[in-house]
Amino acid sequence: MSVFVDTDTRIVVQGATGKEGSFWTNHMIEMGASVVAGVTPGKEGQRVHGVPVYHTVARALERHRADAAMLFVPPRFTKEAVFEALDGGIKTIVTIADGIPLHDQVEIRAAARGKGARVVGGNTSGVISPGRSMMGIFPYWIERVYKPGRIGVMTRSGSLTNEVTSMVVRAGFGVSSLIGVGGDPVPGTRFAEMLPDYEADPGTDAVVVIGELGGTMEEECAQAITSGVYTKPLVAFIGGRTAPKGKRMGHAGAIVTGGTGSVEEKVRALEAAGASVADRPSQVGTLLAAALEEHRRG
Amino acid sequence: MKLFEYQAKRVFTEAGITVPRSTLVETSGPARAAVTAAVADAVTAYNDAAVIKAQVLMGGRGKRGLVRKATAADAAETTEAILDADVPVPSLLVEELVAAERELYLAITIDAPGSKALVLASAEGGIDIEELAATRPEAIVRFPVDLRRGLLGYEARSIAYQMGLEGRDAKGVASVLISLWRVFRERDAELVEINPLFVTADGVVAGDGKVSIDDNSLFRQPGYAPTRDHFESDAEFEAAREGIPYLQFDGDISLMCAGAGLTTTVFDLVHYEGGTVANYLEFGGPNYRRAKRAMELCLRNESAVILIVTFGTIARADVMAEGVVEAIRELKPDRPIVTCIRGTNEEGAVETLKAAGIEPLFDTEEAVRRAVAIAAERGGAAGLSGGAS
Chain A
1 MSVFVDTDTR
11 IVVQGATGKE
21 GSFWTNHMIE
31 MGASVVAGVT
41 PGKEGQRVHG
51 VPVYHTVARA
61 LERHRADAAM
71 LFVPPRFTKE
81 AVFEALDGGI
91 KTIVTIADGI
101 PLHDQVEIRA
111 AARGKGARVV
121 GGNTSGVISP
131 GRSMMGIFPY
141 WIERVYKPGR
151 IGVMTRSGSL
161 TNEVTSMVVR
171 AGFGVSSLIG
181 VGGDPVPGTR
191 FAEMLPDYEA
201 DPGTDAVVVI
211 GELGGTMEEE
221 CAQAITSGVY
231 TKPLVAFIGG
241 RTAPKGKRMG
251 HAGAIVTGGT
261 GSVEEKVRAL
271 EAAGASVADR
281 PSQVGTLLAA
291 ALEEHRRG
Chain B
1 MKLFEYQAKR
11 VFTEAGITVP
21 RSTLVETSGP
31 ARAAVTAAVA
41 DAVTAYNDAA
51 VIKAQVLMGG
61 RGKRGLVRKA
71 TAADAAETTE
81 AILDADVPVP
91 SLLVEELVAA
101 ERELYLAITI
111 DAPGSKALVL
121 ASAEGGIDIE
131 ELAATRPEAI
141 VRFPVDLRRG
151 LLGYEARSIA
161 YQMGLEGRDA
171 KGVASVLISL
181 WRVFRERDAE
191 LVEINPLFVT
201 ADGVVAGDGK
211 VSIDDNSLFR
221 QPGYAPTRDH
231 FESDAEFEAA
241 REGIPYLQFD
251 GDISLMCAGA
261 GLTTTVFDLV
271 HYEGGTVANY
281 LEFGGPNYRR
291 AKRAMELCLR
301 NESAVILIVT
311 FGTIARADVM
321 AEGVVEAIRE
331 LKPDRPIVTC
341 IRGTNEEGAV
351 ETLKAAGIEP
361 LFDTEEAVRR
371 AVAIAAERGG
381 AAGLSGGAS
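Those protein sequence lines, which keep their order, are chains A and B.
Residue numbering for the first sequence follows our numbering, beginning at 1 and increasing consecutively.
Residue numbering for the second sequence follows our numbering, beginning at 1 and increasing consecutively.
By construction, these hints were calculated from the structure, which means they are not laboratory data.
Note that the Cβ used here is the ideal one computed from N, Cα and C, for glycine as well.
Treat the hints loosely; a few may be bogus.
[To be verified] Incomplete in silico selection of chain B near chain A, CB under 10 Å: (1) Glu80; (2) Phe231; (3) Thr265; (4) Pro286.
[Unchecked claim] Which chain A residues stay away from chain B? Per the calculated CB distances, all over 10 Å, these: (5) Arg10; (6) Glu163; (7) Ser262.
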């Protein structure tokens, strides 16, 4: 079992013929993903690593059944590409685009919610269930990060994911499903919206949340714990404790404004809900082991 | 990208929102005497009752003495006082004084969880809205708006009535709200704000203006590009023009890291270990082949050490290590460099660094401790030549 994407998830790749799209489509297939079709306007009839390419999503769906769409589409065209997938009835979409206009981000999330669909991204590496399937751009061959196992990981940052997940693996654990919700101010899917999936997944024993300053996604996780939506152990690491107010720390979403988004608030909310929060990435493994032990004892 | 008040008010005027009559006086080019003379002329033109406002992007201008009332008699003196403030003031906006019956607050921003825009409105304008939100949230009307549907006329009127307005005032505020919505959408704004919005006998007038354009949308906002005046330092401006995320601080350790989240975490770890940061620089993502440019920017600081930490995916470790070695060869840095370069093809990175006589570290926290120790050993910025310029 895994969350979001599994070996039997049939994937359409939009933007499959570009350099990046083609390179990572190949890796998705090698890792075990079922890529059934590619879409690039004007390129119908071509094949990418054996996958047939169509002009439009609709034309691909005439010939293939698909459950998910992976987008390798530049940020300024991402909104249209997401709408095209949604109009085709696809409910699971991942976009890695970095630089999607803010109002487009809002429209993408609103449209997905309106159709009961889930868009992950942008500004992310995507979703991976190591050893099973992936939608995105992960160096799954780095074994000290992408080792299969029973810990779910949710993250706002690619580079920090490698850092923190390597600590999870060093402590003897592995990863069930890793979801990069992305570093944008309006991610298509928010942390807390994935927690019910991890709760239901028999392959996940606990979840590590890699957060950062800005927004309220970490506080929403605390709420999910308090309300009982999520009952497994949760360990968080949150970057930006010492970031000065009003400075944007790299990601567009990583900024303290209007009285919200400070790391202290997030830590307070999570700890009050019973989650563990690591001060440093190196503490995540130990906290995870302790939380699992406590959970086992009940 | 934040617009200066005078730019925001131009946008408002185009959208049909009334703003006070005003004159913009540039301060960086002309001599001080010419500036004060131009300000005095403008004050006189506004019937000897005006307000002089420094065009800077920081909040709290009033408290900092960057917004002052003036008459023709004291215009020169007041101008001097503003220009002598501790911050660079690229221009002054001289505005006629508005006789306000009351002051209101209007803003539109984004509600990320709700995936909507959010109108914020209050009958108590001219205040610190964050403070009001914290102390008396009931004084703020919150109205979510679907982006595709837009803000409708009856909704704008309903917001005005909820603010406790009636008659002429309600009608005027509703009309401003519709115009403000157009600005928000057409300018791809992350925030538009009027605080205060003056209610006068002749209608409503925007006393101040904030428009912040989403950086990701600048490609479709012709006419708006960040200038030197949008940044606090030359290095921040140059880095931004080249698409390299960079923040200036005045500590000892130059961060040259890859990935926003990792760089922010290294920033924290440096502080936990008792160190200080000279600059935040991120050369991951599309910039991972630009080690030399990144190092050049770091070397501009009077930092004691450069700390390189990466754990890249597409940003290949071997390519970054080669870039770093080449940058060291060409730039001959005058300070130690600590490297912790990991991720895709890290074996190649290790070989490259070792061949160049650089010790490759693998643990982020160890690398941070090493850099903090070096900075302490070298006496910190105090022992060098006086911190960053």
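For each hint, the structure was consulted:
1. For the restraint placing B:Glu80 at the interface with chain A, the shortest Cβ-Cβ distance is roughly 29 Å, beyond the 10 Å limit, so the hint is violated.
2. Using the Cβ-Cβ criterion of 10 Å, the hint placing B:Phe231 at the interface with chain A is not satisfied: the shortest such distance is roughly 12 Å.
3. At about 4 Å, the closest approach between the beta carbon of B:Thr265 and any beta carbon in chain A falls short of 10 Å, and the interface hint on this residue holds.
4. Evaluation of the B:Pro286 hint against chain A yields a held restraint, the C-beta minimum of about 8 Å falling below 10 Å.
5. The claim that A:Arg10 is not at the interface with chain B holds, since no C-beta of that chain comes within 10 Å of its own (minimum 25 Å).
6. Interface exclusion of A:Glu163 from chain B breaks down, the closest Cβ pair being 5 Å apart, not more than 10 Å.
7. The non-interface label for A:Ser262 is consistent with chain B: the shortest C-beta to C-beta separation is roughly 12 Å, beyond 10 Å.
The structure fails to meet hints 1, 2, 6 from the earlier list, while all remaining hints are met.
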